[in-house]
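Student: So you can see what is in the structure, the chains are spelled out below.
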Amino acid sequence: MSTKYATYETAWCPGCGNFAILDALKDTLNKLNLSPHQVLVVGGIGQAAKLPQYINTNGFEGLHGRALPVAIAAKIANHNLKVIVNTGDGDSYGEGGNHFIHNIRRNVDITHFVHDNQIYGLTKGQSSPTSGLGHVTDFTPNGVFNKPLNPLTMALSLGAGFVARAFSGEKDHLVEIMQEAINYKGYAIVDILQPCVSFNKVNTFAWYKDRVYKLKDHDYKDKVKAFEVANIWDEEIPIGIIYKEEMPSYTDNFGFLKEKPLIEQDTSKETVKKLIEDFI
Amino acid sequence: MEYNVLIGGEAGQGMKTLTSVFSQMIHKRGFYLFTLADYMSRVRGGHNFFQLRFSDDKLYSHCEKLDVIIALNQETCDLHLGRLKEDGVVLADTNVKSNDSRLVTIKAKELATEVGNVRTMSTVLLGALLKLFGLDEEYLEEIFSHKFNEKITNQNLESYQRGQSLVEQKFKTSKGNKAERLLINGNQAIALGALAANMKFYSAYPMTPATSIMSYLVTKAEEAKIIVEQAEDEIAAINMAIGAASVGVRAMTGTSGGGFSLMVEGLGLAGIAEIPLVIALVQRPGPATGLPTRTEQADLKFAINASQGEFGRIVISLNSPEDAFYQTTRAFNLAEKYQLPVILLSDQYLADATQTVNLFDLDKVAIERSIEDEPSSDYKRYALSETGISPRALPGYHSGVVINHDSDEHDEEGNITESAQVRNDMVNKRAMKFSLAKNDIQEPKVLGIENPQILLLGWGSTYSQLKDAVELLNENERRYGALVFGDIWPLPTKKFLDSYKTSEKIINVEQNSTAQLASLIKETTGKDIDLNILRYDGRPLSADEIIEKVLEVE
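Chains as they are written, first to last, in the numbering used here: chain A, 1 to 280; chain B, 1001 to 1554.
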């Protein structure tokens, strides 16, 4: 694990999947040769969303569900920054669901790492949008009735250009996927499965370990195949890059952003004067 | 010389074009214009009207008494005839009927059909309207050819000529005093102010009556090299603006009360994370959907108090388009100097009233960024200081320096903490800088006599009606004055307290039902204001109405 990005005391439970994801992210940034000041890590609210607190890069810890709007606007304002969102399944797919939908459409060049433990940790054990049917929690004593959301097929159907799944228990593989995701030019989502040792007694480390397998010979350019793979769940769970397609990202729509980032461009006094005089 | 024309009809009858062309012709001739828009929340049909008041002197508000009514339908004639002066004229197509001798009908529709384009009916009426004031076609071709292709321009010019030949001049007009002035409304002035302040990022969700800020900016985005992003909702809009501002560009969002309700948590985020942010809150009557296209000033206390927790924010209410322009540029400086949200409080009346104003002067606009360009290696984003202001460095530009923003309570480095000591330090730090911001707050504008016998109070857009009302009241007896607040939170109290001592009577004028300014004054100074003139039916107060009520209560 790289020490360049520092080590802080965390508020996570011992054995939490977040540790492995944080370590993987530090290794990834190191492998990509990124200095702390070149990276901005954005989180919402939740256990996973505390990650910006525990890494020595630029950080923004915002509101519950609202990591994506902050992150994409920061990227638009200064596209020289590597902008990475680390936040949970509740934050990304529940409270932030509307932003998830529309930022796939917007396709700003950021990376979205969802720490998906299929449960709410910070608020102590409520079901999340990805909790399985029948999952009994203190708040769903008769089991979850609501169908779980599939973030991967959702992202695919909305036109995402980089869709992947990883597992916190396969760290080397996770680091590889993280590098690919960060290097992808556009919105990249990686749904990272992780156990919640305190509140999810169903989807445990062993539960995931028994099921995940690394994709082999998968053509990630084939969207139909991608849908097929993204739908495999329960008995076995494939991890890896599920879909990847090069496409123009948001900032490519603006000619003036090709020269330099927005923050380095001023609206000239002459332009403003002309715009005022249009009202004469 | 001063005249007042009402143009009314259903949405989709060409009323907007008629109003816009007439406005531009009046403006370009060197008259001052004030246009009030009264429209319903629908795309077609309904009853809508524009009131165009013009003069060779500067105008500040609309007025009720009418010289001419252009009735594009029967309803317009029936509804507004009561406001027509004795020597006034109703001009309409022959399908409008009335026993009133002031009705003049012309075969507008028939003539427009003859010309080959029935849609030029309103231009026949325009020809007749201009003729009533003895005005010719100067500027007409230029205006039409800017709007339409050659064929339609020629049809309109032909229809105009037909209209001119149908009536005789009735009103005398002066020559006008041509100068470089702007014909602009409050929202356009806010947008230009933002561009003059070098705002680079505007995110918003459409909401009447704030939408036209975004619709203006988006058409100028390439030219001004700015990003205008239509967000998926107002929550995204404010969080985007915060995200952009957090890395160092000047960012803004705009909405009306309903959208602002959704933005409230974001407002608190800008407060605790100390992000400079400008928000235009263009009020309409609420709560919830309320009256979408009408006016009210009922969000004052909401703007001041929105969000859980305690933090400083500055609220500036806008008095006029000129004020909107300059205050918007100032709002960005204040937001960055004190690293807090600044709310610009406008309303539908100011947003939509197109009026003649003096040319905005860019030499009066200063851009003060308040950014730390050379942070040391032990830089801390929330460093405690004597002023409560921590130097603000930007991420990405300084090797070895990282910037952390946090919505949790945080230490000087921006990392989460639950330390009681740090919590107190940070609450005190934020309070300290807000208390310092009070030094930059501007006292209310004085209208009429300073420290008068009868003092009127107001804020925001009622500046315009109060200005006209005080002037007219003083024509009889010079004992009236008004204080109109622009900066309203923190509330400046010096001028008010001076006048309070000397005034015999104080009358508070507001467009809401609970006298929110009076209540804020009571809360801040302990002084009671007993007399209120309040209007909350969604329609703007007029100077005449204020005068009538002042004379009633005093």
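There's no promise every hint is true.
Straight-line distance between alpha carbons at most 25 angstroms, and here's what the computed SDA-like set of lysine to any residue pairs gives [stated by the list, open to error]:
| no. | chain 1 | residue 1 | chain 2 | residue 2 |
| --- | --- | --- | --- | --- |
| 1 | B | Lys1220 | A | Asp266 |
| 2 | B | Lys1337 | A | Asp278 |
| 3 | B | Lys1364 | A | Asp278 |
| 4 | A | Lys260 | A | Glu9 |
| 5 | B | Lys1225 | A | Glu277 |
| 6 | A | Lys269 | B | Ser1215 |
Because the hints were derived from the structure by calculation, they are not lab data.
Student: So which of the earlier hints does this model not fit?
Tutor: 2, 4
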